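Heads up: the sequence shown is residues 4 to 453, going by the working numbering.
Among the hints, erroneous ones may be present.
What the hints assert, rightly or not - The calculated lysine-lysine pairs, modelled on BS3-like cross-linking and capped at a C-alpha distance of 25 Å, are:
1) LYS51 x LYS127
2) LYS327 x LYS51
3) LYS206 x LYS439
4) LYS13 x LYS444
5) LYS130 x LYS439
6) LYS247 x LYS327
7) LYS439 x LYS146
8) LYS148 x LYS127
9) LYS206 x LYS130
10) LYS127 x LYS146
11) LYS439 x LYS51
Simulated from the structure, these hints should not be mistaken for laboratory data. Note that this is a predicted model, so its numbers are computed, not measured.
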Amino acid sequence: MEAFEAFLDKAGGIVWGPPLLILLVGTGIFLTFRLGALQVGLLPYALKLVFSRNQDKKSEGDITHFQALMTAMAATVGVGNIVGVATAVTLGGPGAVFWMWLAGFFGMATKYGEAILAVKYRVKDSKGEMAGGPMYYLEHGLKQKWLGVLFAIFGAFAAFGIGNGTQSKAVADAMSNTFSIPHWVSGIVLVLFAGLVILGGIKWIGRVTSFFVPIMALFYLIGGLIIMLSNLTLIPEAFATIFKFAFTGEAAAGGAIGAVIRFGIARGLFSNEAGLGSAPIAAAAARTDIPGRQALVSMTQVLFDTLVICSITGITIVMSGLWKDTSIEAGALTSAAWGTFLGDIGPVLVSIGIIFFASSTILGWGYYGEKCFQYLIDNPTAVKIYRVIFVLFIFVGATAKLDVVWALADVLNGLMAIPNLIGLLGLSGIIVLETKRLRSKIKEERKEVA
């Protein structure tokens with residue numbers, strides 16, 4: 004077993020190595036130029052769509068724009084936003100935060116493209132619900148079903164790691180370390196919570212996440228802003244440090260410039276999942292008249308995840324100066340940083356953030372994994388069995404040490420990106436055409452208002 008785990012660790016290093024990171028960021032850069040940097044020009048309109056009370060109710064779909072966004076946010080806003088960013092700063096130094104921002108900026112274009120294709124090529128399943136995502140646009144758009152099957156296999160199994168076991172373990176650890184609650188108790192509570200939501204399907208997941216996610220994100224955001232506003236004099240210095248070390252390669256672990264770029268980009272993409280192909284599965288369920296409108300909403304997910312929430316973590320760590328302390332492990336760095344400014348309450352707030360973030364990720368990935376499985380085996384009974392197994396595995400993840408499972412999931416998660424990126428690049432012409440259609444629609448609406 005140890006030999007297999009060592010193999011998986013090595014495979015993970017290869018899969019998540021420079022070629023995949025270059026392909027992920029390169030796709031974002033390519034789409035940014037082809038789409039005229041729409042993540043800048045159309046961002047105000049996108050935010051208006053997100054927070055509009057007049058969500059599309061007449062078009063086909065199962066949930067609203069906002070619910071689709073919150074389901075995707077639930078899946079991406081997880082342990083990576085707290086521990087992942089701390090790891091990037093530990094291994095790559097403060098400069099990694101800059102490269103995380105850069106990856107997030109270009110990732111917005113990638114996320115937009117994924118969502119356009121997901122809505123355009125979605126289908127109705129045997130239950131009359133919308134089903135979409137990379138597996139469908141690879142089959143119906145790119146005409147390469149074998150790539151769709153590969154993506155679905157990787158996604159159905161990766162869900163047990165990135166979206167289940169690692170998250171439930173993080174919750175159980177936080178509950179044990181902060182509140183002295185046994186791991187098995189946390190496991191049971193998580194199973195009951197997630198089971199009630201996941202077994203109810205996408206409409207129930209959408210309702211719960213649209214209530215749960217904004218509250219948890221606001222909670223963490225307020226905590227970070229309190230630190231920043233109470234220490235305004237440290238903010239300019241923190242930004243100066245981030246920009247300075249973005250090109251010099253200094254880190255607590257003695258990293259070079261390559262490590263700064265690698266860990267900043269890798270952790271940023273791992274957090275917002277731009278290019279992995281997971282979020283468009285939720286986008287496909289949204290009620291929308293044209294694909295581009297939901298794509299703009301999906302694009303804002305990267306903004307909120309990386310450029311807001313991850314930034315709060317990164318900036319507060321740099322402000323504290325604790326990134327220089329090699330005796331602090333990455334997993335405890337954010338808690339230590341918040342403790343510097345808020346005292347004993349700081350680590351408690353971070354633990355609560357981890358509990359909220361990780362719990363919500365389980366909900367989103369429960370839906371992703373189910374849809375990938377359904378693409379492979381479209382049988383209602385089989386899908387229900389998958390749901391049940393997924394929910395029960397939460398308890399296993401919370402109570403057992405399954406390093407092999409986590410390592411395998413990390414490899415599969417990276418492999419998901421490869422067929423998805425092939426689809427994005429191969430269908431970039433369709434993304435451009437749908438974007439022109441969207442821009443025309445927006446112009447028409449503005450003329451009607453005028």
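Honestly, which of those hints from before does the structure not fit? 1, 2, 3, 4 and 5
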